[in-house]
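Novice: Letter by letter, the chains look like this.
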Amino acid sequence: MRRLLFFAPVAVLVVLAGLLWLGLRRDPATLPSTLIDQPLPAFELTAVRPGDTEGLSTDDFGGRPMLLNVFASWCVGCRVEHPFLMELSRQGVIIQGLDWKDPPGAGAAWLAEHGDPYTLVGDDPDGRTGIDLGVSGAPETFIVDANGRVRHRHVGPITPEIWEAELRPILQRLEAEG
Amino acid sequence: MKRLALALIAPLLIATAPLPPAPAEDRPLADPALEARAQAIHESLRCVVCQNESIAESGAVLAADLRQVVRERVAAGDSDEEVRAFMVARYGDFVLLKPPFEAQTWLLWLGPFLVVLAGAAAVAAYLRRRRQTPEVVPLSADEQTRLDALMAEEDER
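Note that the protein sequences, when read in sequence, are chains B and X.
So the number in this note's numbering is just where the residue sits in the first sequence, counting from 1, plus 182.
So the number in this note's numbering is just where the residue sits in the second sequence, counting from 1, plus 4.
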């Protein structure tokens with residue numbers, strides 16, 4: 183018993199080191215979303231694209247799983263992920279766009295220049311809908327299920343690797359759920 | 005390889021990207037009492053972009069937006085707790101610089117005291133053991149005869 187007690191500090195140190203090591207591997211920039219398994223907050227945004235009569239509202243979600251992508255013309259990460267979003271939309275993935283804190287016309291010009299992967303695009307010039315969604319920056323992408331509930335949030339650009347490893351399995355599972 | 009390519013084109017992307025919007029200018033509330041309340045709330049909320057600053061200190065664009073949201077809620081008649089609850093509903097407990105005492109956080113709050121208590125208990129136990137003089141157990145009859153024999157041997161030599 184005495185001898186066991188002698189090793190207690192070593193055991194405590196090992197446990198502590200293990201916990202700290204686990205902590206080092208976590209990305210502090212990725213905060214858990216409070217929206218997981220919650221319905222999308224209500225919003226009704228005006229159109230971004232010239233010629234669109236409607237922008238994007240909460241009612242546009244549901245029916246089948248889809249992505250909600252928060253982007254902006256000034257956002258560097260959005261440029262990085264944009265070609266891949268184009269590829270996803272060609273594959274038939276439904277992506278709704280939320281143009282976050284862009285000056286008037288900038289979002290439309292950006293889509294005209296780089297291509298438009300979005301089914302619908304809504305304008306959030308003062309960023310209030312972004313705040314309702316708990317967005318901390320662009321790009322961010324939410325996976326919304328067929329019932330209009332948020333099931334996953336990804337912070338940062340979507341790369342093909344992240345898509346395959348993290349997002350596609352979730353979307354496929356939700357599609358199987360129906 | 006892909007990473008290298010990205011690292012090479014990143015400066016180009018940054019150079020050609022339009023500038024992000026400047027932080028919105030702070031528009032203090034006209035009523036000094038309300039503004040003071042709003043600023044006290046700013047001090048208690050963490051900026052989710054820079055994470056180790058309150059939104060009062062942060063220069064981030066989002067922090068400026070959140071400062072304005074807080075002012076609007078205060079002006080609309082929300083209590084301090086209601087404003088904080090509004091933020092927690094969107095960004096989670098993480099936005100509170102002082103986390104609430106709840107099932108998930110009791111260890112965080114009480115942990116340091118538990119560690120101090122454990123240390124104090126260990127020190128007390130150690131001191132008590134050191135102070136105790138070891139009990140003197142009289143030798144048994146057997147031991148006494150053996151000792152006497154040994155002593156006698158010693159004397160003979």
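In case anyone wonders, no lab produced these hints; they're calculated from the structure.
Possibly wrong hints are sitting among the right ones.
[Said to hold, decoys possible] Facing chain X, according to a computed beta carbon distance under 10 Å, are these residues of chain B, among others:
(1) Leu217
(2) Pro221
(3) Ala224
(4) Val258
(5) Asp284
(6) Asp308
[Claimed, not checked] Some residues of chain B that are not near chain X, with every Cβ distance over 10 Å (derived):
(7) Phe188
(8) Ser215
(9) Ala254
(10) Pro285
(11) Ile313
(12) Leu315
(13) Ala347
No experiment lies behind these values; they were computed from the predicted model shown.
Yeah, the Cβ is synthetic: ideal placement off N, Cα and C, and Gly gets one too.
Novice: Taking the hints in turn, state whether each one holds.
Specialist: Verification of the supplied hints:
no.: 1; hint: Leu217; in the structure: 8 Å, holds
no.: 2; hint: Pro221; in the structure: 13 Å, violated
no.: 3; hint: Ala224; in the structure: 13 Å, violated
no.: 4; hint: Val258; in the structure: 5 Å, holds
no.: 5; hint: Asp284; in the structure: 8 Å, holds
no.: 6; hint: Asp308; in the structure: 8 Å, holds
no.: 7; hint: Phe188; in the structure: 12 Å, holds
no.: 8; hint: Ser215; in the structure: 8 Å, violated
no.: 9; hint: Ala254; in the structure: 8 Å, violated
no.: 10; hint: Pro285; in the structure: 7 Å, violated
no.: 11; hint: Ile313; in the structure: 6 Å, violated
no.: 12; hint: Leu315; in the structure: 8 Å, violated
no.: 13; hint: Ala347; in the structure: 15 Å, holds
Hints 2, 3, 8, 9, 10, 11 and 12 from the list above are not met by this structure, while the remaining hints are.
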